[in-house]
Amino acid sequence: MPFRDESDEALMEALRGGSAAAFQALYERHHRGLFTFLARFLGDRGQAEELLQETFLRVYLNRDRYRPVAAFRTWLYTIARNLALDRLRRHGLPEAEPEFVEAIPDPDPGPLRRLEARETLARLDAALAQLTPRQREVLLLARYAGLSHAEIAEITGSSPEAVRVTLHRALRVLRRFLSGP
Amino acid sequence: MKGSGVECHEVRDRLTEWLGAETGPEAVRGHLVTCRACAEELAALQETWGLLGQWPGLEPDPAIGRRLQRKVRWWSLRDAVLAPEGWRAAALAAAIGVGLSIGMSLLIPYNTLVALCRQVVADLVPEAGAFLLAGAAYGVMPLALRVLIGWRRGSPGSWLGATEATLLFLIFLAPYVIVQCREFAPSAAASFVGGLALGALGGSLVASRLLPGHGPEPG
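Those sequence lines, one after another, are chains A and B. All residue numbers for the first sequence refer to the numbering used here, where the first residue is 1 and numbers rise by one. All residue numbers for the second sequence refer to the numbering used here, where the first residue is 1 and numbers rise by one.
I should point out that these hints are in silico values taken from the structure, not numbers from a laboratory. Glycine is no exception: its CB is placed at the ideal position from the N, C-alpha and C atoms. Among the hints, erroneous ones may be present.
[Said to hold, decoys possible] If you want the footprint, here are the derived chain B segments under chain A, 3+ residues with CB under 8 Å:
no. : segment
1   : 11-18
2   : 49-62
3   : 181-190
Bound conformation, chain B alone (with noise of 0.2 Å):
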């Protein structure tokens, strides 16, 4: 049959268009006003369409997804520490912050400070206190250097790239702290050392965190 200038076969080719939506198109919905037996193709069709619609939507095993999120965190943060760009970020960071480190303590030498810390915390806490003070008052020198060139960057993670350039910093200065501390005595050094690595650990992380949009990733 033929109505509106379209024929049967055209229209029944096309009302599946008509599944689930208001309407279909225009050619189709003029034929059907006048040809019954495509009017009544187009209810049966829409009728087991809506009989489908009773199936409902199955739900997999919920420790599935959680086994998916462990995995994914896990290749996540190790292809980002094994990203090259991520280290060497980490690297110019840590190379800055030793400058930056090494030309205080130029200015300000690491006795001085230290004779410094001891007069501010002398009553407070132990003769190690102050070394530990003083290392880490030059630790926090790199604080938010990884952080600020991840920023600019745009690249998220910030914590480990923290980490990284904070890796990094202690190894490149070692050599000089340990020049710097051959007058301390060795429980003063290393005092001086572990406030050196809190400092600049523990700046780093407060910074990633600080700094908008680059603090670890929401679980």
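One chain only, chain A, in its complex shape (with noise of 0.2 Å):
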């Protein structure tokens, strides 16, 4: 594939040439962390696909406004969080979908295990929607997107300090609801 070893910045600075397998590239390397991230957030996989779509859309529009001195994960997922944001503050949460997490392939072939599997899931989904917005994004971020503190202040606008208490009292709100009955 071309551009497989380009690094973010310079597949932006492709695009703004004009070029189309750059936008590819980085569409392969980031859809699916930022499709989990938004699928998560917003506990709805058709809105998260409409949302991902819009995101990389905005990339290619803006394209020009992105400077390389801020990196390009940062810069997308900036993006992708204030979309989310925004629907949620038009729609608020969506109910949750069931099949959600029966969609997830399991590698596991035992029956019980299979269970087990499924029955965790289905509490890291009913635990993920005890958490605020703000703790979801910041928990979301650190986790499945596998970003640093820094970068995920400067995606939600806040300090680094903000993000680790943030990120804390997250995990200890979900172990609480996870270590109940």
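Please dock the two separately framed chains into a single complex, following the hints provided.
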């Protein structure tokens, strides 16, 4: 695949020059992490898919505004997060999707283990719903997007210290919920 | 509690720096050796963090990627066609190509080249073939000019530039060709102009593919 070894910032430079192949490379590299973040944050696959498209279209349309001084990943997640927050403000949190957990493939073939794993995932879904949007976004960005505290602070417009505290609180809420009856 | 010179509340605010990492800040590490409560808090955080790792990543509908790609390809082409700098380079290349083509026709008039071509292809193709070949010989003049200009400026997508330059080349050269072909029969003139267009477009496209890094983008 062309551009496989290029940095995100080099791909953005190529995209600014009109390269559709650079766009494809950026999509291939980031769509899974971004979709996981959006789907877990919104709790709705359909809305997450819509916002995934919208985010990448904005990357293309705003490619001339991107400055390599900021990491591309931070810029990408800032766009996605703003869209998601805007969606939440307008429509509120969607109803939880029961098939959301069912759709997750399970590598373990044993029926008992499969049931256990499915229950764990269902409990994780429910636990995440206990968090405030702020705690949820920080947790998801840290755990699934693999972003540093400094990057999350940049995306959410706060400080790394505030991110640390929010993440700690989010994990305590989850722990309390998951260890409950 | 105070251990290694730091308070528990200071340490707890920094425990998340440990998550997903082999080790954490030096001051916190020292405190954890002596403070059981903070060590247990870290272990609990790590356990929850690990549990979250069981949640697999999600994959969107593959059609989304394909749809996005189609849309961006189209927008990218549209933007490239509308970009004025591309047309400026194409106009410059076309003007140089027209100058060379007219200069060549003054040295070797169209009639002379047609006669030469007729000798070469007389036994192989019908009469119109000679006009076609002669036209192509003139048309190929701006070969690579647009591409070379694009190459010097580092602009991608030269196949588009080659097409733009060829189009302008043919428009600029048309009046001169019409005057020069007035003595040809209509079918011969049509063959000559067709050869000219084919030579110009084919030459530019071939050159745009041959120059490294400036062929059409891979899909």
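Quiz prompt | Within 8 Å of chain A's CB atoms, at least three CB atoms from the segment 11-18 of chain B: coverage verdict | solution = Holds: 6 residues of the segment 11-18 of chain B have a Cβ under 8 Å from chain A.
Quiz item: Do three or more residues from the segment 181-190 of chain B put their C-beta atoms closer than 8 Å to C-beta atoms of chain A?
Solution: Since 0 is below three, the answer is violated.
Quiz item: Are at least 3 residues of the segment 49-62 of chain B within less than 8 Å of chain A when you compare beta carbons?
Solution: holds (count 12)
When held up to the earlier numbered hints, the structure conflicts with hint 3 and nothing else.
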